[in-house]
Amino acid sequence: MLSLAVGSSVSAMAKVSMHNTINYANGSGKSTATQLGFIKGSQPPPSLLSSATTNISTSFKTAVAAIDSSDLTSSPTPAKQEAKKYSFVVANAKFMLDEEEHFKELLFERLRNYGERNKEQDFWLVVEPKFLDKFPNITKRLKRPAVALVSTNDTWITFMKLRLDRVLSDSYEADTLEEALASNPTTIEFEKPENWVAPYSKYEYGWWEAFLPAGSRESKV
Amino acid sequence: MAAEMALVKPISKFSSTPKFGNPRTFSYPKFTTIKMSATAQTTSSSKPKKKGNKGEIKDTLLTPRFYTTDFDEMETLFNTEINKNLNQSEFEALLQEFKTDYNQTHFVRNKEFKEAADKMQGPLRQIFVEFLERSCTAEFSGFLLYKELGRRLKKTNPVVAEIFSLMSRDEARHAGFLNKGLSDFNLALDLGFLTKARKYTFFKPKFIFYATYLSEKIGYWRYITIYRHLKENPEYQCYPIFNYFENWCQDENRHGDFFSALMKAQPQFLNDWKAKLWSRFFCLSVYVTMYLNDCQRTAFYEGIGLNTKEFDMHVIIETNRTTARIFPAVLDVENPEFKRKLDRMVVINEKLIAVGESDDNSLVKNFKRVPLVAALVSEILAAYLMPPIESGSVDLAEFEPQLVY
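From first to last, the protein sequence lines stand for chains A and B. The first sequence maps to residues 7 to 227 in our numbering. The second sequence maps to residues 21 to 425 in our numbering.
Among the hints, a few may not be true.
[What the hints assert, rightly or not] With the Cβ distance kept under 7 Å, some of the chain B side facing chain A (calculated, not the full set): (1) 110; (2) 248; (3) 249; (4) 424; (5) 425.
[To be verified] Simulated crosslink set (DSBU-like; lysine-lysine; CA at most 35 Å straight-line): (6) 175/B x 119/B; (7) 208/A x 125/A; (8) 208/A x 139/B; (9) 296/B x 110/A; (10) 110/A x 226/B; (11) 134/B x 216/B; (12) 224/B x 134/B; (13) 104/B x 146/A; (14) 140/A x 296/B; (15) 226/B x 216/B; (16) 90/A x 140/A; (17) 125/A x 175/B; (18) 149/A x 134/B; (19) 125/A x 174/B; (20) 329/B x 200/B; (21) 131/B x 119/B; (22) 119/B x 104/B; (23) 296/B x 100/A; (24) 251/B x 200/B; (25) 100/A x 216/B; (26) 251/B x 100/A; (27) 91/A x 361/B; (28) 200/B x 110/A; (29) 119/B x 140/A; (30) 174/B x 224/B; (31) 296/B x 200/B; (32) 131/B x 200/B; (33) 91/A x 329/B; (34) 125/A x 200/B; (35) 146/A x 296/B; (36) 125/A x 119/B.
[Stated by the list, open to error] One side only, chain A facing chain B, incomplete, derived with CB under 7 Å: (37) 97; (38) 117; (39) 119; (40) 148.
Honestly, the hints are just simulated from the structure, not real lab data. We put the CB at the ideal spot given by N, CA and C, even for glycine.
All chains, please: the whole structure from these sequences, using the hints.
As structure tokens, this is what we get:
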């Protein structure tokens with residue numbers, strides 16, 4: 007039994023290191039592409055292509071045009087019915103989608119929980135959100151592209167701010183969900199980490215698509 | 021304190037762990053070991069009574085400590101009338117998260133557990149039993165502490181108190197689940213007995229915050245790392261409990277967030293030079309203890325297909341990055357010199373263990389130990405004195421307005 011254990015440990019180590027090697031190879035391959043200016047003519051790997059762009063339907067744009075951009079958080083015209091408050095945390099895409107892997111786990115955990123309890127989803131990820139135009143004090147401190155986590159559950163956003171820490175937080179009002187979650191078409195690209203030493207691989211590129219607003223998801227294909 | 025060192029021995033670290041020299045040797049406040057009078061009653065988790073041949077477990081095995089603290093001071097700290105700084109909104113947000121109870125239905129066993137346990141023989145079986153015992157004790161110690169804090173803070177801060185109670189719910193659940201795992205091996209921990217018989221280590225509230233924060237966060241990183249590794253390498257999945265780790269460790273992570281909020285509510289624990297020294301001290305204690313413990317149990321990690329040292333360094337680096345979001349200073353663990361120091365400590369520690377296991381009489385043993393302990397202490401001290409990294413929450417940072425996100 008002892009020898010068995012040792013045997014398996016050796017193969018385990020071999021496996022781990024092989025795994026790493028593959029990752030490295032991948033990593034350097036991709037980062038080279040990036041340095042050369044990926045997407046410039048050359049074909050990015052299909053996995054990147056499929057989710058690289060977030061298109062917004064035109065109806066979104068019209069909706070956004072109606073927002074008074076000087077007004078930050080409150081006082082929607084009373085005529086518009088049921089303006090809702092949306093809270094958000096925002097940071098650069100690299101931080102939100104690539105570096106903070108626990109963030110992905112939290113979102114999927116919450117989605118699972120909503121499914122189990124038949125709750126309607128009230129949180130989304132928005133890539134390059136249009137509502138940021140209303141927050142010059144945030145945008146001037148933000149690396150782009152930016153990604154926001156938006157929710158109508160303000161209390162939960164307070165929790166997410168506590169968890170993520172390195173994010174900016176605020177809230178705004180919008181009349182419709184489409185308006186609230188409107189975004190600008192953007193390409194998201196991450197360099198593979200140079201030195202990935204974890205005994206597992208990164209979460210797959212594009213995991214966040216499950217959380218994009220329905221409109222931007224559909225229009226992509 | 022959760023999963024924490026579960027796989028190893030928990031955070032026993034700060035108290036005297038003779039194996040790596042007594043941390044007291046470098047500036048430690050006097051710890052008193054006191055008994056916490058009948059704290060929380062044992063819950064459902066203590067149900068399983070001794071079944072088989074299980075006697076009491078050796079103390080060394082159970083090194084997960086039980087903690088107690090100055091409850092009066094805790095009451096003062098979280099009294100909303102005395103302490104106006106308290107950011108209740110963060111506590112309310114956490115309360116909502118804990119009430120959501122994401123893992124309410126997660127810990128359901130199936131018949132694979134028993135089957136897997138029966139298949140496990142020889143040394144691996146023993147290692148697994150030890151792992152389950154340690155983990156269970158660690159979770160249970162968290163349960164006791166949180167339960168008591170929940171009880172004591174009810175009057176002065178009901179929100180904080182309720183969070184503690186809900187965290188003790190999580191811990192009881194985890195401990196119960198692990199104890200059921202032990203029953204697959206025809207064993208059970210008598211948690212009621214443990215509650216009364218074990219010694220309690222006393223920590224001032226401030227140290228409870230540092231220690232439990234770290235132990236929850238490192239617990240998260242250990243569990244998620246094992247989970248993700250086994251997901252990609254299912255051939256090493258020798259017992260189904262690991263399947264539960266992904267959801268399980270989200271609990272640990274949230275518990276850590278709560279201590280983060282507690283510390284932010286008490287900035288005096290974060291914003292001076294003493295806080296920086298303590299932060300580094302606790303980081304070092306936790307990392308060193310884990311490394312030394314795990315290096316004594318490589319069979320476990322290799323048994324599930326991990327390289328022990330690589331696994332530990334990954335966990336240390338990630339925990340340190342996480343901790344840098346709240347502690348005012350952390351260690352430069354990504355400096356290769358840090359790992360070199362840890363590796364030298366392992367070698368010294370192995371020699372110390374060999375002395376302990378030799379046939380010499382105790383006088384000779386102690387004599388032989390002196391230079392080794394001195395060497396270990398000097399390595400630890402050198403690691404402690406390595407240039408640290410300034411850190412902390414952006415909510416408390418003066419330079420925050422210049423930050424780019």
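Quick rundown of the hints versus the structure:
Taking 7 Å as the C-beta contact cut-off toward chain A, the hint placing residue 110/B at the interface holds, the least distance being around 5 Å. Evaluation of the residue 248/B hint against chain A yields a held restraint, the C-beta minimum of about 4 Å falling below 7 Å. The closest approach between the C-beta of residue 249/B and any C-beta of chain A is roughly 4 Å, which is under the 7 Å cut-off, so the hint is satisfied. Because the closest C-beta pair between residue 424/B and chain A is about 5 Å apart, less than 7 Å, the hint holds.
Hint status for residue 425/B: holds, given a least beta-carbon distance of 4 Å to chain A, under 7 Å. Under the criterion of a C-alpha separation no larger than 35 Å, the hint pairing residue 175/B with residue 119/B is consistent with the structure, at around 19 Å. Only pairs whose Cα atoms come within 35 Å are accepted, and residue 208/A paired with residue 125/A is accepted, the gap being roughly 29 Å. Distance check on the hinted pair: residue 208/A and residue 139/B sit about 32 Å apart at the alpha-carbon level, within 35 Å; holds.
For a cut-off of 35 Å, the pair hint linking residue 296/B to residue 110/A stands: about 31 Å separates their Cα positions. With a C-alpha separation of about 31 Å, the suggested pairing of residue 110/A with residue 226/B holds against the 35 Å cut-off. Among the hinted pairs, residue 134/B with residue 216/B is consistent with the structure: their alpha-carbon atoms are about 30 Å apart, no more than 35 Å. For the given pair, residue 224/B sits about 42 Å from residue 134/B by alpha-carbon distance, which is inconsistent with the 35 Å threshold.
For the proposed pair residue 104/B and residue 146/A, the alpha carbon gap of about 33 Å is at most 35 Å, so the pair holds. A hinted pair counts as satisfied when its Cα atoms are at most 35 Å apart, and residue 140/A with residue 296/B does not qualify at roughly 39 Å. Our distance criterion of 35 Å between C-alpha atoms is met by residue 226/B and residue 216/B, whose separation comes to about 25 Å. For the proposed pair residue 90/A and residue 140/A, the alpha carbon gap of about 16 Å is at most 35 Å, so the pair holds.
Annotation: proposed proximity of residue 125/A to residue 175/B holds, straight-line Cα distance about 34 Å (limit 35 Å). For the suggested pair residue 149/A and residue 134/B, the alpha carbons sit about 52 Å apart, so the restraint of at most 35 Å is broken. For the hint pairing residue 125/A with residue 174/B, the CA-to-CA distance comes to about 31 Å; that is within 35 Å, so the pair holds. About 30 Å separates the Cα atoms of residue 329/B and residue 200/B, which keeps this hinted pair within 35 Å; it holds.
With a C-alpha separation of about 30 Å, the suggested pairing of residue 131/B with residue 119/B holds against the 35 Å cut-off. Of the supplied pair hints, the one linking residue 119/B and residue 104/B holds, its CA atoms being roughly 25 Å apart against a limit of 35 Å. Among the hinted pairs, residue 296/B with residue 100/A is consistent with the structure: their alpha-carbon atoms are about 29 Å apart, no more than 35 Å. About 23 Å separates the Cα atoms of residue 251/B and residue 200/B, which keeps this hinted pair within 35 Å; it holds.
In summary, the hint linking residue 100/A to residue 216/B is not supported, as the alpha carbons are separated by about 50 Å, beyond the 35 Å threshold. Restraint check for residue 251/B and residue 100/A: the C-alpha separation of about 25 Å stays at or below 35 Å, so the hint holds. For the given pair, residue 91/A sits about 53 Å from residue 361/B by alpha-carbon distance, which is inconsistent with the 35 Å threshold. Between residue 200/B and residue 110/A the CA atoms are separated by roughly 30 Å; this keeps the pair inside 35 Å, and the hint holds.
A threshold of 35 Å between alpha carbons decides the hint, and for residue 119/B with residue 140/A the separation of about 34 Å falls inside it, so the pair holds. Pair hint residue 174/B plus residue 224/B holds up; C-alpha atoms about 19 Å apart against a cutoff of 35 Å. Of the supplied pair hints, the one linking residue 296/B and residue 200/B is violated, its CA atoms being roughly 41 Å apart against a limit of 35 Å. Of the supplied pair hints, the one linking residue 131/B and residue 200/B holds, its CA atoms being roughly 12 Å apart against a limit of 35 Å.
The suggested pairing of residue 91/A with residue 329/B is violated, with an alpha-carbon distance near 49 Å, which exceeds 35 Å. As the CA atoms of residue 125/A and residue 200/B are separated by approximately 32 Å, the hinted pair is consistent with the 35 Å bound. Taken as a hint, the residue 146/A and residue 296/B pair is honoured in the structure, with Cα atoms around 32 Å apart against an allowance of 35 Å. A threshold of 35 Å between alpha carbons decides the hint, and for residue 125/A with residue 119/B the separation of about 15 Å falls inside it, so the pair holds.
About 4 Å separates the beta-carbon of residue 97/A from the nearest beta-carbon of chain B, less than 7 Å, and the hint is met. The beta carbon of residue 117/A is not positioned within 7 Å of any beta carbon in chain B (closest approach about 11 Å), and the interface hint is therefore violated. Proximity of residue 119/A to chain B holds as hinted, the smallest CB-CB distance being about 5 Å (cut-off 7 Å). Against a cut-off of 7 Å between C-beta atoms, the interface hint on residue 148/A holds, since the closest Cβ of chain B lies about 6 Å away.
Of the numbered hints stated above, those contradicted by the structure are hints 12, 14, 18, 25, 27, 31, 33, 38, listed in ascending order.
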